[in-house]
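Hey, can you work out the whole structure from these sequences and the hints?
Protein chains in written order, with the working numbering: chain A, 1 to 428; chain B, 1 to 428.
Just so you know, the hints here were simulated from the structure itself, not pulled from any lab data. Treat each hint with caution, since some may be false.
Since the list can't tell identical chains apart, any single copy or any two copies may satisfy a pair.
To be verified - Dumping the calculated BS3-like pairs for lysine-lysine here, alpha-carbon to alpha-carbon at most 27 Å:
#1 LYS337 / LYS25
#2 LYS333 / LYS50
#3 LYS25 / LYS333
#4 LYS337 / LYS48
Protein chains: 2
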Amino acid sequence: MTTPLRLGIAGLGTVGVGIVRIVQKHAALLELRAGRAVEIVAVSARSKTKDRGVDLSGYAWEDDPVTLAKRADIDVFIEVMGGHEGPAKDAAEAAIANGKDVVSANKALLAIHGQALAEAAEAAGHLIRFEAAVAGGIPVVKALTEGLAGNEITRVMGVMNGSCNYILTRMEDAGLSYEAVFDEANALGYLEADPELDVGGIDAAHKLALLASIAFGTQVDFDAVELEGIGSVTIDDIHQAADMGYKIKLLGVAQMTGRGLEQRMSPCLVPDTSPLGQLAGGTNMIVLEGDAVSQIVLRGPGAGEGPTASAIMGDVMDIARGLRISTFGQPAKTLRKARAARAAVSAPYYLRMQLIDKPGALAKVAHALGEAGISIDRMRQYDHTDTTAPVLIVTHKTTRTALDEALADFKSTGVVTGDPVAIRIEAV
Amino acid sequence: MTTPLRLGIAGLGTVGVGIVRIVQKHAALLELRAGRAVEIVAVSARSKTKDRGVDLSGYAWEDDPVTLAKRADIDVFIEVMGGHEGPAKDAAEAAIANGKDVVSANKALLAIHGQALAEAAEAAGHLIRFEAAVAGGIPVVKALTEGLAGNEITRVMGVMNGSCNYILTRMEDAGLSYEAVFDEANALGYLEADPELDVGGIDAAHKLALLASIAFGTQVDFDAVELEGIGSVTIDDIHQAADMGYKIKLLGVAQMTGRGLEQRMSPCLVPDTSPLGQLAGGTNMIVLEGDAVSQIVLRGPGAGEGPTASAIMGDVMDIARGLRISTFGQPAKTLRKARAARAAVSAPYYLRMQLIDKPGALAKVAHALGEAGISIDRMRQYDHTDTTAPVLIVTHKTTRTALDEALADFKSTGVVTGDPVAIRIEAV
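Below, the structure written as structure tokens:
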């Protein structure tokens with residue numbers, strides 16, 4: 001193991017450049033820690049001439065990432081291009097077919113094609129590592145796959161999209177509407193080119209699906225994530241939640257139930273004194289629960305040049321040190337296809353709706369909840385307008401199925417105007 | 001790698017039994033994850049006949065842990081006896097001499113003899129792993145050594161002794177004196193047989209010294225830790241700190257300075273809105289800072305059967321999976337002897353003292369601070385008694401050396417009665 005580990009980097013955006021910076025700055029430190037040198041041999045990106053602020057003159061250049069992936073003189077193919085089809089996928093497949101280990105920051109690629117890629121890599125005796133794809137600089141894949149390897153994992157949850165947490169925090173701090181903060185965040189460049197990836201919860205759901213696979217030994221199943229973005233959260237909801245001692249977070253939760261694997265990414269109320277409740281701004285937080293360890297909480301930057309490059313280099317250093325571990329913590333071909341359990345785990349819910357202001361309106365709503373088997377913990381009516389009154393209800397524990405039944409019934413009462421808002425209260 | 005990994009466990013207290021439980025309960029899961037079976041072959045403890053609530057009949061018994069360590073049929077020697085001299089040390093040395101990998105939860109042993117043990121193990125091509133020795137169930141050694149391997153670490157800090165954090169939290173919540181809560185905690189069995197290991201900060205300092213070694217590539221140097229326990233923290237200090245937006249924590253801090261390695265374990269004021277400030281009760285929290293990742297925070301149970309056994313099994317699973325990594329993240333013989341820098345990093349301080357109630361007293365104290373080059377941020381005099389007045393001062397940034405000079409000068413002013421309290425305000 002005294003030969004250098006030779007890297008090829010496909011993608012020279014923020015993260016790719018961050019990797020180059022670390023390898024150049026810390027060459028001696030990396031060699032000391034790994035017991036062998038870590039060298040960049042070749043790079044690939046769209047524009048060869050763009051000034052990226054780092055010296056690339058010592059590396060071979062490839063216009064095509066697939067050609068880079070096939071080079072005989074690289075051991076590890078680092079994929080930091082992004083996109084779950086096209087060049088990123090082609091290049092990762094080419095790298096595996098050509099006997100390379102792959103390190104990727106590409107959550108979409110892995111959440112959608114991870115099973116096939118891992119099977120191919122493992123059949124060839126090679127690794128795929130993806131620490132950077134989940135929660136940026138937080139070594140959560142490592143914590144879950146290695147640190148907690150003696151545990152049966154019982155639940156994984158967290159705030160996995162910093163932009164959404166920024167928006168929700170900023171709404172509360174400044175008393176602004178969702179729309180106002182969305183525009184502000186977009187103008188500041190905090191959101192993806194397609195903002196729905198962030199605010200729709202898709203990006204976070206990719207990460208949750210990857211963590212669920214590792215946690216429960218199941219094939220990654222992004223399509224089974226119950227997905228709800230933050231677009232329907234109003235500043236009123238945030239204030240009402242605060243009044244009751246809660247914060248609203250876009251929370252991902254994965255847990256194995258008697259009915260199958262439940263994966264949810266949706267706005268939730270969490271106690272404002274909990275670590276998740278206290279998480280402000282663009283930071284990520286993952287909560288891991290296992291039968292031996294009980295609960296650990298990991299907090300850190302979910303994105304950015306340095307943190308993401310740090311995660312990539314953690315994977316690279318593992319490979320340099322000779323760690324050979326299955327992509328999802330156990331051989332890909334032993335991962336079970338999990339039955340998707342929707343709405344298996346019950347919880348209390350926060351409900352907000354507009355009632356037509358006439359006698360008996362509240363009773364009709366209460367009746368609809370009762371018919372669905374849902375009991376009411378507390379109820380509040382406030383801020384009368386001329387014709388409607390906002391009503392807030394906190395239910396006792398119920399299933400989402402029963403709740404959806406009640407919400408459907410609300411419409412037929414003729415006293416609820418518009419769509420009621422229902423936000424789960426998660427026990428963290 | 002399809003042969004089973006064979007374990008010998010020395011010590012069948014809480015943690016040893018926790019390991020047995022995991023190996024028995026999760027045999028299939030461990031084999032699936034590691035790609036090979038993980039088996040207990042032999043155990044050792046003081047009493048063979050004691051009922052520990054687990055079935056040990058399938059394992060060979062050794063009265064002497066050294067004999068266990070030498071057995072030809074074990075691959076990994078798990079040391080969960082405790083004590084930094086005597087049987088634990090002898091057995092660890094015997095295991096290394098007999099070609100075993102060692103997994104230990106013994107912070108004292110490693111903080112004092114870790115360098116010698118690691119050199120011996122590495123010379124023989126074997127591993128020592130000690131995740132369980134630092135912060136219980138939190139995989140912080142792994143995060144630092146592996147996850148952040150691409151970073152130059154700039155600072156490591158944290159709350160590393162749950163008992164101390166419990167005492168400080170309980171004092172504030174119940175408005176009780178240190179002595180009252182100490183007695184309560186002792187009666188509840190929360191403290192070590194020698195409570196000074198907890199409240200004197202020794203146990204936490206062992207952990208800090210181990211983390212500092214990994215973080216900065218230096219030989220573990222427990223003796224260089226500036227050590228101050230929580231015994232002088234009063235409920236008044238806690239209330240005053242709270243008034244100013246701070247919590248008092250027994251905080252360990254290690255950082256490399258221009259003058260050498262500074263390691264401190266002492267009560268500190270931290271902002272009550274920071275993750276460290278929000279940490280209540282017996283939980284541990286470690287903050288890791290690196291040049292690429294910026295900051296990650298890990299929180300979890302610092303002790304207990306399940307969490308400690310979880311950490312031990314994380315190490316065991318790494319070995320089962322074939323990870324070969326140096327004890328301190330780089331070869332032990334390459335670890336530098338760090339120069340111990342005391343008081344290199346300046347900070348603001350909180351000072352509390354009793355002044356004799358006569359004209360000019362406050363001016364004399366202010367003069368002594370000025371003479372030492374220390375400027376005052378704020379000052380408060382409160383709660384007059386007949387003859388003395390408690391005075392609280394927050395300084396601007398100063399070195400501990402300058403502060404100690406001022407504190408010594410206070411005595412010669414003739415207006416300060418008793419010993420002034422000085423608590424550092426740490427920027428977290």
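Here is how each hint holds up against the structure:
1. In the homo-oligomer, the alpha carbons of LYS337 and LYS25 lie at most 27 Å apart only across protomers (23 Å), although the nearest pairing inside one protomer, at 44 Å, exceeds that limit.
2. Proximity of LYS333 and LYS50 under a CA criterion of 27 Å is satisfied in neither setting, with 42 Å inside one chain copy and 44 Å between copies.
3. In this assembly of identical chains, the alpha carbons of LYS25 and LYS333 lie at most 27 Å apart only when taken from different copies (23 Å versus 39 Å within one copy).
4. In this assembly of identical chains, the alpha carbons of LYS337 and LYS48 never lie at most 27 Å apart, being 43 Å within a copy and 45 Å across copies at closest.
The earlier numbered hints that this structure contradicts are 2, 4.
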